[in-house]
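Colleague: Join the two chains into one complex using the hints; note that each chain is given alone, in its own frame.
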Amino acid sequence: MKRVRKNKRTEQHHRGEQLRRLLSPRTFLQRHAQVALDSLGRLYRNRISSLMTATVIAIAMAMPAGLYLLLDNLGRLSGSWDGQASMSVFLKNSVPASTAEKLAKSVRQWPEVGSVQLVTPEQALEEFTERSGFADVLDVLDENPLPAVLIVLPADDYSNPAAASTLRDRFSRLPETELAQLDLQWVQRLSAILEIARRGILVISSLLALAVLLVIGNTIRLEIQNRREEILVTKLIGATNGFVRRPFLYSGIWYGILGAIIAWLLVESGFWLLSEPVSRLAGLYQSDFHLETLPLVLLWVLVMGGMCLGLLGSWLAVGRHLDAIEPT
Amino acid sequence: MIRFTNISKRYPGGYEALSNISFHMEKGAMAFLTGHSGAGKSTLLKLVALIERTTRGQLFLDGQNVSAISKRRIPYIRRKIGFIFQEHHLLFDRTVFDNVALPLIIAGYRYQDIGRRVRAALDKLGLLSKERLYPITLSGGEQQRVGIARAVVNKPMLLLADEPTGNLDPELSREIMALFSLFNDVGVSVLVASHDIPLIQELNYPVLSLEHGRLASSNVDAA
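Protein sequence lines correspond, in order, to chains V and R.
Okay, so the first sequence: first residue is 1 according to the numbering used here, each after it adds one.
Okay, so the second sequence: first residue is 1 according to the numbering used here, each after it adds one.
Okay, chain R solo, but in the shape it has when bound (with noise of 0.2 Å):
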């Protein structure tokens, strides 16, 4: 699902957030990536999900080189990426039901099936009584939740969650982490961002270790 062979991301200014980073995450996996703040997880999911691009090395998507891909193509790979952000992104001048629809009228649904598919969302995720509410009523964990439906309505092959339990409670973190776990089981590749060390060691998935930019350990396939 993602390849990274040999990437390096080196930011104006020259500070080199990844140097030579190489792993392979199989299709329908699973994994963490881990490290100290600053250590490049941030970067390695922006690399991914095209929001940075990639200095040197050669980066795949579901088999698709896109290290060097065109920005006007962009959007389409993204359509295909659900992201999950620490700070939710929601847009807060509209409902619960609109955010989540937004990736479904981006994609271009007709309005019959965007309502059955939100609906079906937000169903899964226990959120389908507040959906006429603007998300600025809703609780932290509510919110997280609401990002979370907004990633998995278009149903995306990828899953990529970028702390997303950084500013939850242990129980609310243990809840969301098995939601991802929910979405691994029906074929979804997910690979989550986090510092919480204790809650990873509790799930068995592989780990991607990042340290000062460089892969330190892992236990998925070294490519």
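The shape of chain V in the complex, shown without the other chains (with noise of 0.2 Å):
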């Protein structure tokens, strides 16, 4: 009976023992990290095989990022354009300058009109002469063959494609005009190019990332087929299927980050390849263009995506091969 009671005890205080056990969050980080530095440990042995494929991850992942980027680029090339439907309004040249100046005053007047900008024909020349790369071709001019121009935001409510272009026409109807034009269309055209190759890159970076998903969850699958055995023998002496999805997982997760690091490495190596030719060519033009990659942010995206799919990926193969592996 004395023992009965004494074995009562021992078991209360076991099972209050567990419990904590269970509950610290320090033991749980404790065992999630042994697991991670154990999934890390267990690549570096195949080291070989390991960076096989997380090469081939990289080079996944690097196609989409670089062209993104290229893309990026590109945008930021068709200049500090503000989003705005700004048109020019080009005087004929008889129009003398007091003129000029009084129909920037009155079309400040009206309502559709938000901020008017006069252009003297001297101040387009000296703006052309610095920025257009055709300085020397002026030269050659007796005379300044640059119009007078009025530089016009439309008004918040008349800024929409329909209300600017009707804005437009009640300009060409002005007997000074000789020509009014929205310069919104080539910023318009070239806006809409590349968002078809955004699309494209879209489409592409999805087939990747699939591309990615399956070769990190065929790894996985491999892994587990080569630990059956391990597998068997933990789940026989209790493991739960969380416990033995866990090294899986964290497999999965450094492929990605490793395949991640690799495709930033891809990169940035191909865009310091590019960027002196770039910003020769950019030079040939006067521009002081030239390639931006942002390596930090790129790094942060890559390596967040990277293991976002290498645990969407494991967690595809674990779910498809663990429960197939039970005891018997």
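Heads up, a few of these hints could be off.
[Claimed, not checked] Sample of chain R residues facing chain V (criterion: CB under 8 Å; computed from the structure):
hint : residue
1    : 51
2    : 78
3    : 89
4    : 107
Because the hints were derived from the structure by calculation, they are not lab data.
All values reported here derive from a predicted model rather than from experimental measurement.
Virtual Cβ for every residue (Gly too), placed ideally from N, Cα, C.
Modeller: Set out below in structure tokens:
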């Protein structure tokens, strides 16, 4: 009787200890850190094949990342366009400067007009010389061929394409106007082209992300097969599915991270190779344009993406293959 | 500890390994399970360890009906059971220490506790000097003892052993059985399947005898 009571007390003590053990966040973190390191160590022990897998993942990730960066740089090239539909109203050469100024003043009163800036032929010449890269051409000419220009920004309510083109028609009808032109058109065309390219990259990215998922999934599937015996034994001595799953999920995450880092190196070195010729080409157009990659942001995005793909890929493999391994 | 009420096990394909088995093994008891090969010894142990599920009847472990327990709960039941296999099922890519530590890692013990408990278990089985070795370098008897250390390190309530002496010489077999008695003395319930009749007769424990899937004779309480 005495012994029974003692047993009961030690059992209660045992239960309490078990509960504390499971609830301790430190133990939880310790276990996860251990499993993560174990998985990393396993990759290191098979470093050649791990590296090959990671490189396949890296190439699949570097492609869309590189294309996207190129596109981003192109977008930047299209100028510091502020997204508003400005228009240029070129005045006839015969219009004297005083009339142009009066016109600018009266146009400013129109309800459709937000702001008006008058660019005199002299200012236009100066700007052209500075920016265009064709300064030498102008020296050949005797007189300034440039007209006065009104640069008009429509009021906020009239900045949509339809209203903007009505306003342009109104300017066209003025007797002083030679030509009224929406500056937006070429920007719109470029951005339409960029949009198509962006969609294309989205499609390519999705396909390559799928490829990464499959590569990781297949790698994890092979690993599960190699460790079949271990899975059986751990299940026999009370491992939950979560416990068995964990090292494989961490392997997947590591593959993703490793692939991301290699992809980052590929993209950065690719852009480094391109940057010099691009700068030289830009220099020929008297532009100081150069390629930009934002290395830290890129690394961050790639690593996060890699981790997610790795986790998802291994999760799919584990879900499909782990349940099939049950002790008999 | 273990209660079978009218349990039958039929494998897919129709082979009935166990028919209508009923018995009750008390908490803290030790018993042997005998019978020819194919009589259903292994199946009975697998039912207790929830490796196989009963086709009919009710199975109680420690007062809990586990006949219809969900798959998700099984690991927690298994942690209360130490299972010793004939072919050890040790992991050959890790050391003796790591093999024995596995149940504790699974149950989520802290690393400080794991070292202490593993060494205590190894000490009890006379393997303390071998903790850094790989199982492949050990003799058959030593490997079996590592398997036992792994089964008892978690202080289970119930110890199941399937032909634990199957590959050992009589001397070693006797040693292993003596170890089981020792664990039983400190309150662990022990059920050992064995066809080593002479050895079983030497030891004075209840015997469940299976014949073609039926309980032929038993000096354990029929339930």
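Colleague: Hint by hint, note whether the structure agrees.
Modeller: Now the hints, each set against the structure:
| no. | hint | result |
| --- | --- | --- |
| 1 | 51 | 5 Å, holds |
| 2 | 78 | 4 Å, holds |
| 3 | 89 | 5 Å, holds |
| 4 | 107 | 7 Å, holds |
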